[in-house]
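Novice: The primary structure of each chain is shown beneath.
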Amino acid sequence: MTTALAIDAARPDLDTQLEETRRSLFNHVASGGRLAVVKAPPGSGKTWLLLETVAHAVSGGARAAIAAQTNAQADDICRRIARDHPAVQCARLASEGHARPSAFPTTVRWETKTARLPLDPSVVVATTAKWGLAQLAAAYDVVFVDEAWQLGWADFMLLGQVSARFVLIGDPGQIAPVVAVDVSRWQTAPLPPHHAAPAVILRSRGQDALGLSLPGTRRLPWDTTGLIQNFYDFSFGSWSGPGDRHVRPRKGTAHRLDSTLDCLADGTVVAATLPTPDEGPPLERDDEVAVLAAEAVVRLLERKSVALVDGDEAQLQPEDIGLCATHRVMNTAMQFALPKDLQGRVRVDTPERWQGLERKVMVVVHPLSGVVRPSAFDLETGRLCVMASRHQAGLVLVSRDHVGDTLDEYLPSAQQAVGQPDLEGRGHAQNLEFWKALSESKRIARV
Amino acid sequence: MNTLQIVRRLRAFEEGQPLPHGETLHFPIADPADILVVSFVRMGGESSPWGVAWGRPDRPPQIAAVGEPRNRDFVADMLTDFAPTLLKHLFHPSFAHLQITQAEDPRPLRQVWLPNSTHLEMLHLLEYAYSSARFGDPARAELLRTFGRGCGWLFRESQRPGQSTAMVATEALRESFVFPSEDSRQGHLGFLLAWLRAVGDRSSRLSAARHAERLSVATSLDPELERSELDPRVRAFNALRGKDASALARAENAVRELLRPELARRFDLTAQAIDVMRRDKRRLNRGLDRLIKESNTEHWSEYLRLEHRLRDADGQRVFTPSPETDHNPSIAAARFYAIESSSELKEALLLHDDAELLEEAVAAGEAVRGRIVEIRDEGEGKKTRPVWVIQAHPGSVVRFREGSSLCVHGLPKRKVRVRSLLSDSRGIELEVAVTGLLTKNGKDLPAGTSSAADPALRGTTITLVKDFLDGIDFLKRRKLWTRGTPGAWLTGARPAERDVVEEIVDPASELVMGAE
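The listed protein sequences correspond, in order, to chains A and B. Just so it is clear: in the first sequence, position 291 is 407 by the numbering used here, and no numbers are missing. Just so it is clear: in the second sequence, position 16 is 23 by the numbering used here, and no numbers are missing.
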């Protein structure tokens with residue numbers, strides 16, 4: 117029924133490219149470069165590169181700061197420093213309301229007062245919000261910003277009190293900073309305060325920033341890499357090749373989803389659609405789609421599916437599978453649709469919360485399922501990109517079957533200010549391309 | 008639109024009439040003497056006004072119009088009649104008797120009311136047209152520049168959530184009532200007022216609303232009126248220019264006579280909207296006192312302070328905001344923080360005094376209601392660190408995440424931080440650490456307030472709402488303006504001899520981003 121996704125799977129020498137990127141960044145930081153922006157595809161080792169560079173800078177005598185976007189990310193970075201770079205002196209700067217997590221590495225100092233931070237070569241990890249309002253005794257040599265595409269330009273400017281030099285690393289395909297107010301005043305501003313900081317830097321003239329990108333993804337299978345490539349303005353590959361990843365259900369043809377799930381053996385992405393009711397799909401909470409998503413999880417487990425990831429083949433466990441929808445109500449519906457013994461073991465969450473995480477198999481509700489009149493917000497591809505880039509071996513998209521028609525019939529209104537990019541039109545084109553690629557490869561099945 | 012809002016709209020459809028939205032009124036209404044109603048009309052395809060009506064809502068308006076709106080001198084002369092009234096109303100230092108020299112100076116609440124959003128956009132267009140005007144008589148040009156800046160500030164202020172100075176009548180009515188109609192029709196003031204004021208059953212009201220909808224309320228005129236009646240008169244006026252002065256005046260009057268009822272209708276509808284709101288029996292939300300205070304602060308810091316500087320500049324260049332955008336990155340970021348903070352403040356303040364808004368927030372997942380099922384104190388020694396486990400009511404939607412700062416509805420000083428959030432088939436369970444008002448002692452607490460670690464709280468139902476972090480935006484703005492920081496090049500600021508707090512800089516003398 118299906119064919120492999122029609123995607124160019126050329127595998128350049130990724131290791132060599134990665135080493136070049138690493139060396140360039142080391143040299144840039146060591147030579148006092150003021151600004152660097154590193155674009156990283158999903159699962160490409162951006163935090164690894166960030167920590168490698170931090171360790172190199174600290175070993176050269178630098179005082180480095182790391183700005184994470186959430187406390188959970190900051191804590192995780194500290195754990196990785198303790199594990200991978202035990203020689204680097206590290207401190208975690210936290211607010212008093214944030215308690216030290218259990219099993220936090222004892223080698224990392226936990227500080228709530230800036231006056232007690234180390235002044236010798238070391239790295240201090242805190243959230244951007246914390247750094248932005250901290251009173252510091254001395255400037256840092258360089259600030260490393262992790263998940264930088266989630267940081268707005270206004271908040272980035274506040275980091276100017278921490279250091280004069282910055283390295284920003286992030287995934288440009290991820291979800292942009294959430295803005296809940298009217299920002300029309302800054303549509304044409306040269307440095308819009310609400311835009312992602314790296315995007316502002318790369319677009320502005322006279323920044324003199326070193327621009328780098330990571331060459332490939334370790335997480336994603338090769339065919340998924342091609343599928344999500346159109347969400348990015350730089351090319352990247354995958355360390356995996358054809359045959360390196362798959363999900364193979366062992367037995368069974370009785371369920372309505374079984375033949376669809378079988379397709380994961382010869383390609384890692386498949387979509388299952390339900391008919392759209394004549395009166396239109398349900399808004400936000402679509403219980404039938406939620407049940408379908410839960411059934412996909414159950415059938416993968418009931419059929420004792422095995423997942424192959426880079427030579428390791430193992431039977432799927434509930435913890436290997438994730439569920440994701442853009443609306444919380446839909447996630448709740450999926451949670452309820454799961455059998456009790458799987459609840460709490462199969463993670464169910466929004467794309468915002470899935471950022472930075474991965475599973476062997478993801479079952480996701482297409483963000484446009486149920487959206488028959490998409491807005492610019494609906495067409496923004498960050499959420500779809502996150503949802504389609506969390507898996508190592510298999511991705512099952514579930515949706516109502518109107519998505520292709522909805523995208524075909526949609527005409528972007530180009531309401532952006534003069535001279536500004538048509539983000540709505542671009543989002544529409546990328547969504548269309550994504551769906552078309554699945555359709556042309558016959559990887560969309562009606563159930 | 009969340010489920011509760013959809014239900015309300017359907018109920019309004021069922022009852023065939025608008026229904027009140029909110030238990031309280033969410034904006035203040037100034038005394039008639041302190042309200043300036045303004046309405047405009049413009050020629051199709053033109054951005055400058057053809058005529059303007061202004062005045063108190065309880066009195067007939069003053070009306071001015073020109074024979075040819077494409078002539079900038081005619082329009083400029085017309086606006087010099089209106090400009091002093093607007094500037095006096097805004098307490099401009101050169102026009103108002105009452106001199107305001109700091110944010111805290113007492114002043115009556117003054118508002119400018121406009122019929123709908125197209126009239127608000129006209130203020131923006133006037134800022135574009137006049138804030139840098141140099142043409143014609145220098146005194147007139149200076150008045151027009153001042154007028155343009157006043158219009159610009161009003162327009163910018165109108166975008167700030169919770170403000171109470173630039174009031175758009177359609178938005179005020181939509182904030183206060185749920186109308187039984189599609190959103191796209193609710194931008195018409197006559198349509199909304201007909202729903203509210205017509206008597207009879209659903210069909211009578213609907214019929215009145217449809218009838219009202221046929222008459223234009225926007226700044227643009229009915230194309231038929233413009234084409235068949237106004238256009239010949241404008242041609243006649245233009246044909247007489249440079250010839251017989253009295254005939255020209257008569258021709259201009261002929262144009263005015265057609266525009267007068269158009270302007271008056273827009274003015275009257277706005278006055279009616281104010282009257283509807285003034286007669287409303289709902290009380291004012293207690294959060295409005297603080298919002299008015301914020302409005303006064305903005306009025307001073309974003310408008311009057313600048314005008315004082317300009318008046319006292321003595322030939323020196325003084326920064327004035329661009330009509331288009333904020334080119335200076337620090338100014339842009341500071342205004343962005345101010346808008347964000349205003350939005351959060353408005354939401355937080357109104358919610359604590361309006362049960363209906365609270366229900367909306369719960370339905371939208373912006374607040375969560377549940378029962379405290381476990382209380383423990385993780386403090387050591389004399390230090391208390393209460394932790395609550397809360398079982399959310401079935402069907403709850405929660406948009407919070409771990410780390411979110413919340414507070415107890417009705418007890419805003421009792422703040423909590425979400426530690427964990429688990430959802431399964433039984434519902435959602437939150438574990439929160441209480442971080443504010445740990446004891447039962449404090450100023451202005453409701454009677455019967457318990458300490459946060461009191462075991463008696465177990466089993467009680469509480470609602471948690473978003474906390475407003477008072478003062479954070481001020482701290483951020485101060486950081487933006489602090490000079491001499493290592494990364495000052497990010498804000499384009501010059502290294503300073505001393506730290507400067509919240510000083511408005513002159514972009515012309517500042518470095519641009521990246522250039523040193």
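The hints are simulated quantities; they were obtained by calculation from the structure and are not laboratory data. Ideal Cβ placement from N, Cα and C applies to all residues, glycine included. Watch out, some of these pointers could steer you wrong.
Think about it this way: if two alpha-carbon atoms lie no more than 25 Å apart in a straight line, the pair counts; the simulated DSS-like pairs of lysine-lysine are [what the hints assert, rightly or not]:
#	chain 1	residue 1	chain 2	residue 2
1	B	K420	A	K246
2	A	K229	B	K390
3	A	K229	B	K447
Covered, in the sense of this in silico footprint (three residues per stretch, anywhere, with C-beta under 8 Å from a C-beta of chain B), are these stretches of chain A [to be verified]:
#	stretch
4	207–218
5	260–274
6	291–305
Novice: Which numbered hints are broken by the structure, listed smallest first?
Specialist: Those not satisfied come down to hint 3.
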